[in-house]
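> Chain Y is already provided as a structure; the job is to place chain X on it using the hints.
Chains as they are written, first to last, in my numbering: chain Y, 1 to 113; chain X, 1001 to 1113.
Worth flagging that the hints you see were computed from the coordinates, not collected in a lab. Be aware that one or more of the hints could be misleading.
[Unchecked claim] Now the in silico label distances, taken between C-beta atoms and shown as ranges:
#1 X:Phe1046 with Y:Gly59: 13 to 23 Å
#2 Y:Ser58 with X:Pro1082: 35 to 45 Å
#3 X:Asn1067 with Y:Gln41: 24 to 34 Å
#4 Y:Pro70 with X:Lys1068: 38 to 48 Å
#5 Y:Lys15 with X:Asn1067: 41 to 51 Å
#6 Y:Gln41 with X:Asp1031: 17 to 27 Å
#7 Y:Phe66 with X:Ser1010: 18 to 28 Å
[What the hints assert, rightly or not] Using 20 Å as the maximum straight-line C-alpha spacing, the simulated SDA-like pairs for lysine to any residue come out as follows:
#8 X:Lys1100 with Y:Lys11
#9 X:Lys1037 with Y:Ser38
#10 X:Lys1056 with X:Gly1083
#11 X:Lys1037 with Y:Arg109
#12 X:Lys1005 with Y:Leu39
#13 X:Lys1100 with Y:Val68
#14 X:Lys1100 with Y:Pro96
Glycine included, C-beta positions come from ideal geometry on N, C-alpha and C.
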Amino acid sequence: GAGVSQTPSNKVTEKGKYVELRCDPISGHTALYWYRQSLGQGPEFLIYFQGTGAADDSGLPNDRFFAVRPEGSVSTLKIQRTERGDSAVYLCASSPSNTDTQYFGPGTRLTVL
Amino acid sequence: DQQVKQNSPSLSVQEGRISILNCDYTNSMFDYFLWYKKYPAEGPTFLISISSIKDKNEDGRFTVFLNKSAKHLSLHIVPSQPGDSAVYFCAAKGFSGTYKYIFGTGTRLKVLA
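Isolated chain Y, as found in the complex:
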């Protein structure tokens, strides 16, 4: 079956702009996660959704970052007033429940100039 998909695969933006990153989880997976991977680092947890609600957003670095999952499937990560330090690969993962193995998408590479 189809895996986790993320769009766009690459996004280049200018400092101060707003960006949206999209994640389509595996069908039927109720748990959805966003991670961020900076160069030379492992993925770092940002936020977790169970269904439509954000059950844990403790990893979001500041209030410029926000994520939604209005219908319990597709999720969008939104970044306002982007900064050069936001440049990274943003990974989305999903799982059937929050105790199951997480399956990752290919990521969106964000570059802030």
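Chain X alone, transformed into the frame defined by chain Y:
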């Protein structure tokens, strides 16, 4: 502070030989550990996992060993194949009820033909 550490950034192994990737952790509350493999431009792919109640888990050519007293786990790949060349991430999950994966910084494995 880095709770999950992979101290070897890279490893080269001859095809057919054993590859041993190491991971150390500091948090004794971690109860579940996973290894992910990552190819360039792709998301991490789940490889194998182990619960803290076990000391070994095997799946084909892949075996994970856990030494709780040393807070150390290792991934053995036997025999190594050129297609195994990738970055390998160790990840840990906290006590029951948590869902965040804490990742190490990764080890780049190169299997030489």
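> For each hint, tell me whether it holds in the structure or not.
Status of each hint after checking the structure:
For Phe1046 of chain X and Gly59 of chain Y, the hinted distance range of 13 to 23 Å is satisfied, since their beta carbons lie about 20 Å from each other. Between Ser58 of chain Y and Pro1082 of chain X the Cβ separation comes to about 40 Å, which falls inside the hinted range of 35 to 45 Å. Under the hint 24 to 34 Å, the C-beta atoms of Asn1067 of chain X and Gln41 of chain Y, about 25 Å apart, fit the expected range. Separation of Pro70 of chain Y from Lys1068 of chain X is about 42 Å and conforms to the stated range, judged on CB atoms against 38 to 48 Å.
Separation of Lys15 of chain Y from Asn1067 of chain X is about 46 Å and conforms to the stated range, judged on CB atoms against 41 to 51 Å. At roughly 24 Å, the beta carbons of Gln41 of chain Y and Asp1031 of chain X sit within the given window of 17 to 27 Å. Taken as a hint, the range 18 to 28 Å is violated for the pair Phe66 of chain Y and Ser1010 of chain X, whose Cβ atoms sit roughly 37 Å apart. With a CA separation close to 26 Å, the supplied pair Lys1100 of chain X and Lys11 of chain Y exceeds the 20 Å bound.
Between the alpha carbons of Lys1037 of chain X and Ser38 of chain Y the distance comes to roughly 17 Å, so the proposed pair stays at or under 20 Å and holds. A C-alpha spacing of about 24 Å is found between Lys1056 of chain X and Gly1083 of chain X, which places the hinted pair above 20 Å, so the restraint is violated. For the proposed pair Lys1037 of chain X and Arg109 of chain Y, the alpha carbon gap of about 18 Å is at most 20 Å, so the pair holds. Pair hint Lys1005 of chain X plus Leu39 of chain Y holds up; C-alpha atoms about 16 Å apart against a cutoff of 20 Å.
A threshold of 20 Å between alpha carbons decides the hint, and for Lys1100 of chain X with Val68 of chain Y the separation of about 18 Å falls inside it, so the pair holds. Restraint check: the Cα-Cα separation between Lys1100 of chain X and Pro96 of chain Y comes to about 15 Å, which is no more than 20 Å; the hinted pair holds.
Figure legend: structure checked against the earlier numbered hints; hints not met, in rising order: 7, 8 and 10.
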